[in-house]
Amino acid sequence: MGYDTLIIGAGMSGLAAGIRLAQFDRRVLIVERHSLWGGLNSFYKLKGRIFDSGLHALTNYVRKGTPGVPLTRILRQLRIGYDELELGAQGHSEIRFDGRRLEFTNDPEVFFAEIAREFPREIDGFRRLVAELPGYDAVLERGEGSARAELARYLGDPELIESLMLPLCIYGSAREDDLDWDQFVILFRAIFLEGFSRPEGGIKALLELLLRRYKKVGGELRMNCGVERILVRDGAAVGVRLTSGEEILAERVFSSAGHAETLRLVDGDDARLSAHRRAAEANLGQLSFLESISVLDVQPADLGFDATVSFFNHGNSFRYRRPDAGIDVQSGVVCSPNNFARKTPLSDGFVRITALANHAVWTSLPEHEYRARKESAADRMLESAALAIPALARVREHTVFRDTFTPRTIQHYTGHLGGAVYGSPRKQRDGSSGIARLSLVGTDQGMLGIVGAMLSGITIANHQALMEVSR
Amino acid sequence: MTQDEVIIAIKDIIAQIAPDEDLSQLQPDLRLREQIELDSMDFLDIVMELRKLYGVQVPEKDYTELATLAGCVKYLHPLLEKKQLHCAQSA
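Going line by line, the protein sequences match chains A and B. Mind the numbering: the first sequence is residues 1 to 471 in my numbering, read in order. Mind the numbering: the second sequence is residues 1001 to 1091 in my numbering, read in order.
Simulated from the structure, these hints should not be mistaken for laboratory data. A hint or two may mislead.
[Claimed, not checked] With a straight-line Cα cutoff of 20 Å, these simulated EDC-like cross-link-like pairs (lysine to aspartate or glutamate) come out: (1) A:Lys64 - B:Asp1039; (2) B:Lys1052 - A:Glu251; (3) B:Lys1052 - A:Glu468; (4) A:Lys216 - A:Glu84; (5) B:Lys1061 - A:Glu468.
Model, not experiment: these values are computed from the prediction.
With the rest of the complex left out, here is chain B (with noise of 0.2 Å):
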């Protein structure tokens, strides 16, 4: 996966966990829940999601990495190189 991969596998899991909101705007250096109504419980799926997805673990301490779409790149990327990009939506 590229790092605009890692964008897109990511808006698409929030797609899947918040159907109702608005993801084409979100700007990469503002917190995701400044953007978008998201809880902590709607971080949990996301971690959960790349979890049974990609094989990915995020330990809970690592949540706050995953605070802003920039973060999520930096924090993920690596973990995410050599995997393949397949959406939620179509899983």
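Chain A extracted, bound-state conformation (with noise of 0.2 Å):
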């Protein structure tokens, strides 16, 4: 007998959706091709250190009972406790651009006053920003459109946009050099006016949880698993044939593969299905980042770092677009989660700092060159962020461990082509892929993050499963 769903990729999106439609008894199955779980968003053992790769921190941080926000709406939706999650929260993180620090914290007034200070021409508009600023469900509605423009009509000063569009793009634009005015409005809510916290265990601890809810409503899940083509007939998506040869049937694939990647593992080639893989195939993203975990002897407090999240930017304007060579150093982001608050500190210091880098070039490189390049590119990563943030300047000898990955881990554990962190710059907000019964969900549906990720598996699971019997 077949599956109700079948869900390809144990990522958040996809566990998400499987915990919603297992939750109401169907039948799901997710397979993932790895041997972990997460896909971006998950973790590695190295010489016995657990280490989270994906997003820093959690955001849309709010208090446990806050109603009508994105944390709350999810974890009623999965059936979760808040005090499950076991957040702790940021302490403050800030925005270095150019010279000016702006600080910022869970208390969106801190951020408020920090503007008044240093831009104090500009924190009328910067409120009136706020005020008028759409709700969650209100801007997808609106759609997109630029959110350099839309930050135009309330704000003057060209250096205060790019300090606002420094951490919102680093934290999820897939479209170069400005951000979808809806993903500006989601992110500026989920970053400025809720903010940062990190689950006790980290990435870990929150994927563990989520499997264990999926399991117990009965979902079941198939490791080491890759699909090799998504069989369709009559125009419909009806199952996947598994790279063993296996073929398993479902009433409806969701796919967390990405639009292109999902559209290459679709079964045949007729005009129509032609025309959406080259229109997926135009809209491939091109943002991808370098990351270097050091691991410190330290607290990296005790060296005088203690922001949980430092984005920093040389010079007054801000690239955001893809380097010509193998990493561009003059943005970046530092976190370190030994700077959320926490019930057992943790025993070692972690400094992480990530930055804007070329897929290509790294891909490209010889085996014996690529190890060589990448120390010296997490070498240029430390130099560039300890000048604008001087309390790095003792990192490297106080490091003890150091691990980075490149766009090519990335695209080996996300399959996102190019090694694309926020996937295509044009979504699929309601998860269409171009195939019927065949949904997308994460990045290229829309939603970005830890928490939008779940969203995405969730309102995919509700819209395009759950409320058609009920239609």
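Hints given; two lone chains; assemble the complex.
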């Protein structure tokens, strides 16, 4: 007997969709080609330590029971208790832009005060921007548009506009040198009006929580299980063929592989499918990152780095596009999991530094050069970050171990072509792939970050599967 | 199920979906959304639970009938009359 829904990918979106469906007695199977779940937001073990990959912090932090916001909605939809997440809130984060510093915390008033101090002539415009900012639901109906253009209606100083674009682009724009207005609104709320936190046990604990819930409601999961083909009959998806040759039938297929990536898996080559493929391939994401994680023999705060997340940019304009070289260290983001509130302090110090990188450069390197280039790129990122953030000057001498991953690694684990962390700049809000009974969840559906990914899985499960019977 | 039992069944489902809400003071003729925090996603869950627990199908166009407790009784009682009350909490 076939499945109600087969889901490709055991990342945040696939697991959330799976929980929704299995919770209402749908027969669901998630297939994951790797031996670890999580996709982009995952973890790995090296030398006895656990490293988080993917997002640095959970955005959308709110206190327990806050009504009408994404975190509360997700927990309710997945029937996970707020306390089960064991969230530790950030202390403070900062934007260091061309010598200026703007601090923000989980209290938006702090950010208002900082903007009033650094940009006194802009604070009224900024307050008006916040007051008129659409709600989460309203913005999705307004669609795309340029965030830079919208911001110019409220703010006059380009440096403030750039300072706001820096963290929001790095934490979620699939579009070069801009951000879709709807994504801007979502990220602005998620980061500046709600805030950052981290589960005590990191991304691993969050994934385990989702997995336990998924299994408890009867969901099935198969690891090390790659999909070779999405099977189509009469123009509609009917299941998949695995790389092992086994065929599994399902009423519908959800794919978190990305839009173009999913269409490459679809069986057949008729004109309609080819047209969808061409459109998706023409909109591949270009933005990827290089990240290094340094393990220190001290707590980062002991070196003076007490920010949870620090975004930096040298110079008065922010370049958010695929660099021609391997990496672009003009901007970046530094994050320490030690600098969230914790019940038990982490014994090691961790500093993560991330900067824009070019996928093609990293995949064309021969193996022996790849390793050396990775190390020198990580060195350059640290040097650049330390110029903007003086407290990082002594990170190098306290580093006992460092791991670096590149766009090549990201493509391997996410399956996103080009290592595109935020997927295609053209999102499919309704999950439509172009093929009947095949829906997109996750990055290319359009909601980003850990909370966004879960919301993506929930939304598509609700609209494409659960509400179908009641229509 | 009696009409009172329909109310018990609905409250039990809401308690599953929104465990932090106080349901003891719910007024039958006021909209549920005005008394407790419920959004459209939650209403979908109420409908899904009705289907799962009692095999009752509520089409999307009828969701508005469930806006108040009194509305739930009026709409659901004919459908649940011959069913046995069993609570989601214990199911």
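(request) For the pair supplied as a hint, Lys216 of chain A and Glu84 of chain A, confirm whether the alpha-carbon distance does not exceed 20 Å. (result) Holds - the C-alpha atoms of Glu84 of chain A and Lys216 of chain A are around 15 Å apart, at most 20 Å.
(message) Checking one constraint from the list: CA of Lys64 of chain A to CA of Asp1039 of chain B, max 20 Å. Satisfied?
(response) The hint holds at about 17 Å.
(message) Lys1052 of chain B and Glu468 of chain A were given as a pair; does the straight-line alpha-carbon distance stay at or below 20 Å?
(response) 15 Å, holds
(message) Does Glu468 of chain A sit within 20 Å of Lys1061 of chain B, going by the straight-line distance between their CA atoms?
(response) It holds: about 12 Å lies between the C-alpha atoms, which stays within 20 Å.
(request) With a cut-off of 20 Å on the C-alpha distance, tell me whether Lys1052 of chain B and Glu251 of chain A pass. (result) 19 Å, holds
The structure fails none of the hints (numbered hints given earlier).
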